[in-house]
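Undergrad: With the sequences and hints as input, model every part of the structure.
The numbering of the sequence shown is our numbering, which starts it at 15 and goes up by one.
Please keep in mind that the hints were generated in silico from the structure rather than gathered at the bench. Check the hints yourself; a few may be wrong.
[What the hints assert, rightly or not] Below, computed lysine to aspartate or glutamate pairings styled on EDC-like, alpha-carbon distance capped at 16 Å:
hint, residue 1, residue 2
1, K140, E190
2, K140, E191
3, K140, D60
4, K133, E191
5, K67, D83
6, K133, E94
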Amino acid sequence: MAQLNYFLVAYFITYLVVAFVWPSLRTYRQTGINPVTFGGTDTTHDLIGRWFKVLFALILLTIVIYWWDGSAYRYLLPAEYLQYPPVQWVGVGLCILSLLWTVLAQHQMGRSWHIGIDKEHNAELKISGLFAVSRNPIFLGMIVTLVGFLLVLPNAITLVVLTLVYVLIQVQIRLEEEFLLNQHDAAYQSYKIRVRRLV
Numbered sequence: 015m016a017q018l019n020y021f022l023v024a025y026f027i028t029y030l031v032v033a034f035v036w037p038s039l040r041t042y043r044q045t046g047i048n049p050v051t052f053g054g055t056d057t058t059h060d061l062i063g064r065w066f067k068v069l070f071a072l073i074l075l076t077i078v079i080y081w082w083d084g085s086a087y088r089y090l091l092p093a094e095y096l097q098y099p100p101v102q103w104v105g106v107g108l109c110i111l112s113l114l115w116t117v118l119a120q121h122q123m124g125r126s127w128h129i130g131i132d133k134e135h136n137a138e139l140k141i142s143g144l145f146a147v148s149r150n151p152i153f154l155g156m157i158v159t160l161v162g163f164l165l166v167l168p169n170a171i172t173l174v175v176l177t178l179v180y181v182l183i184q185v186q187i188r189l190e191e192e193f194l195l196n197q198h199d200a201a202y203q204s205y206k207i208r209v210r211r212l213v
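TA: Shown next as structure tokens:
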């Protein structure tokens, strides 16, 4: 499907700009604080950040291979029995909806939005909007996006990336929960009881 080539490239660029670059610049402009908190230390937190970058690069590599050389794509072990237009268009729909969901969640976070755990600045606890449905709507959006990618390009790489990102997100969520519990105490404990981690 030639349309998928254009969709994948356009979506990747849009996702990068809309979900990472623009909110990072917006938050920095509003607060003067760099919202990207992953660093180069040997902590679990920063290791997760490095792995996120590697897996993000693998998705880009998969798109490039699919776009540039269809014959090389077979080396990614595609699941051909899933490569049917109806399944792929469901994946496209999930990608689009999850991006809209993610952008809305980021907007609702406002100045509190960041990538990773910011231990140097206090942030407001968000419990309304999408955060009343999921304690981690942005992570939920990321997972659904990767499910969509798996349906659009079902192969070994997209499956491995989805699996590893899910595991990393589960670890990151627990690190953030510990931090938020220390920062907000009873308010966060009450929020934890009312609202689920993801769905």
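Undergrad: If a hint holds in the structure, say so; if it doesn't, say that too.
TA: Consistency of the hints with the structure:
1. K140 / E190: holds, 13 Å
2. K140 / E191: holds, 13 Å
3. K140 / D60: violated, 24 Å
4. K133 / E191: Distance of about 13 Å is within 16 Å: holds.
5. K67 / D83: violated, 24 Å
6. K133 / E94: violated, 46 Å
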